[in-house]
Each structure stands twice: as C-alpha cells, then as structure tokens.
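Here the protein sequences line up with chains H and A, keeping their order. Those letters in the first sequence? Residues 1 to 293, per my numbering, in order. Those letters in the second sequence? Residues 294 to 697, per my numbering, in order.
Take these hints with a grain of salt, some might be off.
[To be verified] Here are the computed lysine to any residue pairs in the SDA-like style, where the Cα-Cα straight-line distance is at most 20 Å: (1) A/LYS697 / H/ARG250; (2) A/LYS541 / A/TRP529; (3) H/LYS254 / A/GLU693; (4) A/LYS481 / H/GLN147; (5) A/LYS654 / A/PRO624.
I should point out that these hints are in silico values taken from the structure, not numbers from a laboratory. What you are looking at is a predicted structure, and each value in this text was computed from that prediction instead of being measured.
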Amino acid sequence: MRIFEQKLFKNKVEATGLLLFLLLAVLPLLLGIIYALLYSLGITGLVSDGFTLKYWQQAFTDIELWYSMGYTFYIALATITLTIAGALLLTIYLKEPLQQGFAGFSIYVPLAFPAIVVAFLIFQLASQSGFFARIIYQLGWISSTAQFPELVNDTYGIGIIAAHTFMALPFFTLYFINLYDQENINQLAKVGQTLGASSAQQHRRIVVPILLRRAFPTLTLYTIFVMGSYEIPLIVGRQSPQMISVLVIRKLRKFNLSDIPEAYISALLFITLIIIGLTLIFKNRNFSYDLDQ
Amino acid sequence: MKFFFYYVLIFSVLLFASCSSSPDNQTDLQNLSWDQILQKAEGQSLNMMMWQGDPNINKYMQQYVVPQVKKQFDIDLNVSNGQGSTIVSVLMSELEAGQQQSELDLVWINGETFYQLREIDALYGPFVSQLPNSKFIDFSNPFIKYDFQQSINGYEVPWGKVQFTIIYDSARVSSPPTNRQALRQYVKTHPGTFTIANDFSGMTFLKSLLIGMAGKGTLSGEFNEQAYQKYSERLWNYINDIKPYFWKNGETFPSNVTAMHQLFVNGELNFTMSNNDTEVDNKILEGFFPQTARAYVFQKGTIRNSHYVGIPKNSTHKAAAMVVSNFLISPEAQYRKARPDIWGDGTVLSKLKVPPKWQQKFAAMPQRYYAPPRDSLQDHALRELAPEYMIRLYEDFRTEIIQK
Numbered sequence: 001m002r003i004f005e006q007k008l009f010k011n012k013v014e015a016t017g018l019l020l021f022l023l024l025a026v027l028p029l030l031l032g033i034i035y036a037l038l039y040s041l042g043i044t045g046l047v048s049d050g051f052t053l054k055y056w057q058q059a060f061t062d063i064e065l066w067y068s069m070g071y072t073f074y075i076a077l078a079t080i081t082l083t084i085a086g087a088l089l090l091t092i093y094l095k096e097p098l099q100q101g102f103a104g105f106s107i108y109v110p111l112a113f114p115a116i117v118v119a120f121l122i123f124q125l126a127s128q129s130g131f132f133a134r135i136i137y138q139l140g141w142i143s144s145t146a147q148f149p150e151l152v153n154d155t156y157g158i159g160i161i162a163a164h165t166f167m168a169l170p171f172f173t174l175y176f177i178n179l180y181d182q183e184n185i186n187q188l189a190k191v192g193q194t195l196g197a198s199s200a201q202q203h204r205r206i207v208v209p210i211l212l213r214r215a216f217p218t219l220t221l222y223t224i225f226v227m228g229s230y231e232i233p234l235i236v237g238r239q240s241p242q243m244i245s246v247l248v249i250r251k252l253r254k255f256n257l258s259d260i261p262e263a264y265i266s267a268l269l270f271i272t273l274i275i276i277g278l279t280l281i282f283k284n285r286n287f288s289y290d291l292d293q
Numbered sequence: 294m295k296f297f298f299y300y301v302l303i304f305s306v307l308l309f310a311s312c313s314s315s316p317d318n319q320t321d322l323q324n325l326s327w328d329q330i331l332q333k334a335e336g337q338s339l340n341m342m343m344w345q346g347d348p349n350i351n352k353y354m355q356q357y358v359v360p361q362v363k364k365q366f367d368i369d370l371n372v373s374n375g376q377g378s379t380i381v382s383v384l385m386s387e388l389e390a391g392q393q394q395s396e397l398d399l400v401w402i403n404g405e406t407f408y409q410l411r412e413i414d415a416l417y418g419p420f421v422s423q424l425p426n427s428k429f430i431d432f433s434n435p436f437i438k439y440d441f442q443q444s445i446n447g448y449e450v451p452w453g454k455v456q457f458t459i460i461y462d463s464a465r466v467s468s469p470p471t472n473r474q475a476l477r478q479y480v481k482t483h484p485g486t487f488t489i490a491n492d493f494s495g496m497t498f499l500k501s502l503l504i505g506m507a508g509k510g511t512l513s514g515e516f517n518e519q520a521y522q523k524y525s526e527r528l529w530n531y532i533n534d535i536k537p538y539f540w541k542n543g544e545t546f547p548s549n550v551t552a553m554h555q556l557f558v559n560g561e562l563n564f565t566m567s568n569n570d571t572e573v574d575n576k577i578l579e580g581f582f583p584q585t586a587r588a589y590v591f592q593k594g595t596i597r598n599s600h601y602v603g604i605p606k607n608s609t610h611k612a613a614a615m616v617v618s619n620f621l622i623s624p625e626a627q628y629r630k631a632r633p634d635i636w637g638d639g640t641v642l643s644k645l646k647v648p649p650k651w652q653q654k655f656a657a658m659p660q661r662y663y664a665p666p667r668d669s670l671q672d673h674a675l676r677e678l679a680p681e682y683m684i685r686l687y688e689d690f691r692t693e694i695i696q697k
C-alpha cells in the first residue's frame with residue numbers, strides 16, 4: 001500500500017496540490033452532476049413525485065434535443081474549421097506585418113470584445129435591417145432591405161459562426177504566430193527548402209502539421225467552449241434548432257415546472273457525449289507538448 | 294487509499310448537507326399592528342427583484358420609489374433585474390437547498406409566476422389586507438381579484454393594470470386589421486411584415502385569438518382539456534395557414550417583444566405588440582417609436598390583466614417588504630406610475646375609493662395620445678385564462694408552429 005502511495009504522489013506538495021484540485025474543481029462538478037442525475041430521476045426536486053424514468057424516456061425520444069446536439073456540433077466544427085483556415089493563412093502570409101505597427105495592435109482589438117457585445121454587433125451589422133443591408137440598399141443594389149440575405153437568425157447559423165469566428169480568429173492567429181517562433185518553424189522550413197522543398201511543400205509538410213499538432217489540445221478545448229456558448233446563439237440564433245446551452249436554459253426556465261428534469265437530462269447527455277469524445281480523442285495522446293508524442 | 298477514503302467522506306458530507314431540509318423560519322407579522330410593522334421595517338435593507346427591461350420603469354423605481362422609501366421609512370431598497378422565470382429559479386433553488394433566508398424580499402410577479410410560486414409554496418401570506426392602502430383597491434373587481442383565474446387570496450399585492458394592445462405604424466398601415474379574417478388578408482398581401490414573439494406577449498396575443506375562436510366565457514374557469522384541444526387545433530390551423538407570410542417566412546420568430554420592437558422601429562415589421570396599453574405613448578415620448586405608431590385592440594378584445602408584487606416565504610425583511618408594498622399602492626405612487634410620461638401603468642386603485650383630492654388628480658391626469666383611452670378599452674377587455682392554457686400554448690406553439 002505504501003508503495004502505491006509513493007507511486008501516486010512524488011511528494012507532499014504534489015499530493016496537497018492534487019487534493020486541492022480535486023476539492024475545488026472536480027468535487028463541485030461531480031456534486032452538480034450527481035444532483036442533476038438525482039433530479040432527472042425524480043429523487044430530488046420540489047415538484048418531484050419520487051423515482052421515475054419517464055423524463056429519461058421523454059428525453060431520448062425528444063427529436064428536438066438530438067437535433068440541437070447535431071446543430072451544436074455543426075456550429076462548433078464550422079467555427080473551428082474557418083478559424084484554423086483563417087489563422088493559418090494569416091500566420092503564413094501576414095506573420096511579419098501582424099507583429100508590428102497598427103496591424104499588430106488591431107489584431108488584439110477583437111479579443112477585448114465580450115461575447116454578448118459581439119453578438120449585438122453582428123446583429124446590428126448583418127441583419128436585414130442592419131448596417132450592411134442599408135448600405136447596399138442605398139447603393140441601389142437591392143430594392144428593399146428585405147432582399148438582403150439572411151445572415152442572422154438564419155437556418156445555417158451563419159450569424160453564430162461569424163460571431164464566434166470573429167472572436168476566435170485573432171486568438172488563434174496570435175497563438176499560431178507564437179508557436180511559429182517558439183518551434184523555430186522558420187528554421188525547419190529553411191531546412192526543407194535546402195532539401196529541395198517548394199514553398200507549398202514547406203507549408204503543407206512542415207508549417208501546417210507542426211502548428212496543428214501543437215495547437216491540437218487548445219483547438220479541441222476551444223471547440224468545446226464554442227459548443228457551450230450561450231449569448232451568441234441566444235441573440236443571433238433562431239428559435240429552432242437552438243444550440244444546446246440555449247435549449248437547456250429554456251427547458252430549465254419553462255413555465256411548466258415538471259419539465260425541469262428534462263433540462264438536467266439534456267445537460268447530462270451533452271456532458272456525457274463531450275467526455276466520450278474527449279476520451280476517444282486523447283486516448284492515445286497526453287497533454288505533453290513534446291512533439292515526438 | 295486513505296486519501297480516497299477522505300475524498301469519499303467529504304463528498305458524502307457535502308452531498309447530504311446539500312440535500313438536507315430545514316424547518317420553516319417564518320416570523321409571523323399577522324398579529325402586529327401597522328405601527329409595529331413600520332417600526333420593525335425601519336433601517337432595514339430590502340432586495341427586490343423585478344423585470345428591468347424598460348428605461349421608464351427603471352427610472353420610476355430608481356428616481357422615485359428608492360429615494361422615497363428611504364426618506365419616508367428609512368428603508369434601503371435594492372432593485373435587481375430578473376423576470377418571472379429567474380425569480381422562480383432563485384426561490385426554487387433556495388427551497389431545494391433548504392436555505393432558510395431568502396436572497397429576495399419582494400418580487401414583481403404576475404399570473405404564470407404566481408401559479409408557479411404557489412405550486413412550490415414559496416410565497417408569504419396572506420398579508421395584503423394588513424396594508425393600510427389596500428382599502429383603496431376594489432378587490433371585487435375580477436381583473437384584480439383573480440390572477441390567471443386564481444384567487445390571489447392575500448398572497449400578492451396588485452400593483453398595476455394593463456391591457457394587451459397591437460401597435461402598428463400608421464405611416465405604413467392605413468387601416469390595421471381588427472379581426473382574424475382581416476389579419477389573414479393583411480398578412481397574405483403584405484408578406485414579411487408581421488410576426489409573433491415567442492414570449493409572454495406573443496402567447497397573450499394567441500390567447501386572445503383562442504378566446505375569440507371559442508367565444509367569450511367558453512374557456513373561463515378551470516382548464517378544460519377537451520375545449521383546449523378543440524379550439525387550439527383551430528388556432529394552429531389558422532396560424533399555420535398564414536405563417537409562410539410572416540417575417541422570415543415564419544421559419545423563425547423573435548425571441549421576445551423587445552426584439553420585435555427593434556424590428557418594428559427598423560422598419561422590418563409593420564406591427565409589434567405590448568402588454569401595456571400605454572407603452573406606445575411612452576415609447577414615442579422616449580423617441581424610440583416613430584410618431585406615427587398607434588395602438589389598438591381587436592374587435593373581439595384582448596387580454597387585460599393585473600401585475601402584482603409578492604413576498605417570498607423565506608424573506609428575512611418581510612416587514613420592510615410590506616411597508617414598500619404599501620407605498621407602491623399609495624395614491625401618490627400609483628398616480629405617478631400611471632402618468633404616460635412616467636411609466637403609463639394603469640392604476641389598481643379604485644377611483645371611487647381614493648380620497649377626493651386624489652380622485653381629482655386622477656381625473657385630471659395627462660392623457661395619452663397614441664393609444665385609445667383606457668375606458669374605451671374596457672369593453673374589449675378579456676379575462677386571463679387558467680395558467681394551464683398558457684403552459685400548453687407555449688408548448689404547442691413550439692411543436693405546432695416553430696418546429697413545423
């Protein structure tokens with residue numbers, strides 16, 4: 001037993017640190033999950049009538065919930081794909097200008113915007129009565145602002161994706177630029193060049209793989225962050241389908257109090273899917289920054 | 294191994310602590326005189342949660358009510374933002390956690406929230422008859438006595454009285470539709486200019502249509518499943534028929550009436566709606582609505598209801614909450630609130646019961662210009678239905694309309 005304990009913690013400081021982490025970060029989450037589980041089974045809650053599986057049955061047959069999950073994944077993947085593409089292009093082609101002067105400063109500006117402000121900005125700019133629609137109308141390109149394409153509250157979540165990309169793009173551009181310097185990618189690309197690699201080959205075989213590999217954990221976590229976003233889909237999303245956070249809050253605040261367990265189930269199912277996804281993704285990886293992993 | 298033992302131990306203690314219930318800690322104020330209540334309230338600090346989505350309402354609270362209750366009763370009133378659903382969530386979580394002292398002491402509620410709070414037994418009462426100013430209220434008036442067909446039974450203080458109106462821009466709409474058939478005609482010939490908010494206001498509009506279809510009085514009383522099925526089917530057929538001509542082809546709906554107001558002033562919509570019949574006046578005075586905005590009601594009528602304030606059962610400042618409630622229904626506070634340039638909220642006081650001086654003041658109140666006079670709306674006032682109708686309309690609007 002002693003041997004086991006010695007293996008588990010290198011020293012007392014590490015053991016205390018881990019204990020604090022478990023107490024402050026893991027325990028409250030675990031309690032929350034257990035509470036949600038009890039609530040969903042009718043075991044606790046002011047309006048519960050005792051143990052029942054009916055809420056779970058309802059949830060599994062609720063097409064809206066699954067549709068909402070799919071929509072959430074779609075929004076997050078679309079955002080992260082656009083962000084990666086944009087950030088890579090900016091890093092590869094505009095790395096030098098973005099590290100100095102006005103451009104260098106301006107890339108930090110979107111980072112200062114809270115999500116709710118970005119959502120309102122997108123709404124004011126891109127709605128059918130917004131800034132862009134009015135300019136195009138004034139230019140005479142459309143005969144009424146209603147002809148302006150639907151970019152907010154739209155079927156494909158364009159407004160939501162645009163708002164998230166606006167926030168994520170500068171962050172990942174700066175992150176990639178930093179990685180570029182830290183990893184001496186420039187030097188590696190030069191080695192490639194010496195060995196006869198064309199510019200495109202250097203990007204495809206050296207720059208992009210190294211950046212993506214190093215940024216993989218952060219990109220994954222950011223994807224989950226986008227999935228859990230609330231204000232942006234609330235303001236620029238539509239009533240159906242809704243992203244999972246908006247759906248959960250709506251169910252939680254429903255007029256009918258006996259529907260509250262369904263909100264907890266939606267959240268639990270979402271957490272479960274995320275954990276399964278993370279387990280599969282990181283099964284053969286660890287969070288070490290060693291590129292040999 | 295020991296480590297895991299301690300971890301599980303702490304975990305279990307916290308879990309049980311969070312689930313434990315607690316005894317009721319009511320302080321009974323029912324045997325105290327009003328002077329004793331005033332005395333008890335002095336120097337107390339009070340948390341009131343209410344909807345703060347309107348600058349006029351906020352101004353009324355912050356610039357008038359808060360300083361007045363401080364000056365007159367030495368009560369520090371803190372107003373925080375939260376709609377009915379937030380209030381229910383807060384009080385429900387407190388009760389579930391066994392918390393004996395509520396964060397909230399006074400809440401602005403109406404129909405559906407009252408129903409929910411009574412369902413979880415979160416309100417203190419009965420206390421209304423103890424308030425001296427309650428003598429100015431006519432409790433036999435069905436629009437006051439019943440909140441969504443539920444008798445208030447002294448558990449909430451009437452605060453204001455409003456009627457649902459439809460608002461249109463007279464510059465764009467020459468003769469607004471005043472019945473269902475005319476609305477259908479209008480929507481089909483002016484696609485994209487009409488919609489319904491997916492919130493309390495939108496559901497109130499649907500409720501008015503439902504009552505119109507069923508006939509006045511058919512749906513009054515307790516919830517009737519058969520009647521609901523019958524008339525709601527007609528309602529959904531009607532809406533689905535005109536939905537393709539709604540804003541954004543009826544594929545989505547504004548999440549609330551505030552978003553709808555925005556679309557109205559931007560010119561996307563020709564109509565918006567309001568639960569407050571004076572809102573059109575104060576929004577024009579604010580400069581938010583165009584001068585050409587007007588309010589009206591359908592021939593078959595719209596819902597008129599009252600809104601109320603209640604005291605959470607576990608409030609620790611009930612005396613102060615009662616004193617503030619009493620102030621809110623004083624003739625001076627009600628008069629001020631009813632002025633179209635202040636808030637425009639209809640008074641709950643009976644003009645026959647207030648002192649003569651106030652009768653004159655109420656009679657000479659500045660009139661509103663852009664909505665029909667309140668008295669003329671009286672003939673088109675429909676009573677709220679039982680809360681279950683609202684629950685079902687919310688549910689079915691999603692499944693029958695939004696998701697179709």
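Hints and how they fare:
1. A/LYS697 / H/ARG250: holds (19 Å)
2. A/LYS541 / A/TRP529: With a Cα-Cα distance of about 18 Å, the restraint between A/LYS541 and A/TRP529 holds, given a limit of 20 Å.
3. H/LYS254 / A/GLU693: holds (17 Å)
4. A/LYS481 / H/GLN147: Judged against 20 Å, a Cα distance of about 18 Å means the pair holds.
5. A/LYS654 / A/PRO624: Measuring from Cα to Cα gives roughly 10 Å; hence the hint holds.
The structure is consistent with each of the numbered hints, conforming to all of them.
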